[in-house]
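With these hints in hand, go ahead and build the complete structure from the sequences.
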Amino acid sequence: MLKFSVPGNIGPIMLRDFLRKHIKLSLTVWRKVKREGTIEVNGMQAFPGSLVSSGDTIHLNWRQECNIQPISLPLSILYEDDSLLIINKPTGILVHPACGHSEPTIANGIIQYYRSKNCQHGFHPVHRLDRNTSGLLLIAKTAHVQHLLSRGQNLQITRRYLAIVTGVPFPAEGKINLPIGRRPGSIIERTVCQEGKEALTFYRTVRSFQNAGLLEMELQTGRTHQIRVHLSHLQHPLLGDDLYGGSSVFINRPALHSCRLELIHPIRQEAMCFSIPLPADMQNVLDALESQTGDDN
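Heads up: the sequence shown runs through residues 1 to 297, numbered per the numbering used here.
This list has only true hints and no planted wrong ones.
Per label pair, the in silico range of CB-to-CB distance: (1) D287 to N61: 46 to 56 Å; (2) D242 to S54: 53 to 63 Å; (3) R115 to S54: 32 to 42 Å; (4) D82 to E40: 10 to 20 Å; (5) H59 to N284: 50 to 60 Å; (6) D242 to S291: 21 to 31 Å; (7) N67 to G222: 21 to 31 Å; (8) L75 to N211: 33 to 43 Å; (9) V206 to E40: 51 to 61 Å; (10) S275 to Q235: 25 to 35 Å.
Simulated from the structure, these hints should not be mistaken for lab results.
Only a predicted model underlies this, so the values are computations on that prediction, with no experimental measurement involved.
We put the beta carbon where it would ideally sit given N, CA and C, even for glycine.
Listed below in structure tokens is the structure:
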């Protein structure tokens, strides 16, 4: 169910125009409401062509199916309201069920969490993290909120990551603007290729070691394996990323952590910022690199 109030400076206006122009309701949700749902204005049945005015309350109801099995999982919830859920995702777990994988995922745990609170939300991730990437994960509680965030993602959301890489990039900070596509013959691996989709990554060197560096990364697009592919292409693969040429001497998973999330709340239009420190395995890598550098001196 979605509930909206018509602001004081609007109306009379047709209901469908109000939802399109002022609420930015997605076409997908609007079609579901018209096809299999109900529309009420001030508690009375209404229709797409009904007029609404300031002060009116609109309720949209439709059947929301979710075929994700609820499974109890420990969740580290950092923030929650009626629209959003932000969790600290651990490494080693998929965000969403995938073909060929039967183990529980973040999606299963979220659905169980909703059911335990008698909520009927589906699973609407705004972005995804690879199985072995840790850190902040943003989840919308409704398809409408997911649409609001996704449609203007470059303007509304800033995602920053910490990455430990082989060697130290030169220059120390810069922009990687290289298209990414699927590597021929592989269903998993991606590569930089001319026919790929636009992919834009910014990086900044935070700390330098003798044979490694700690980088802060900012994504402007969300291609599969984007940071991993871009860094590997520059000959600075993530430590632990054996798929893209990284050494597993210090860590046995790609050393990548979603550390900071900035967004404009899609409903309240307030600026929000969340940050979390490195997990223990990546901090141990930095300690080892620091010790190694000190020994060499």
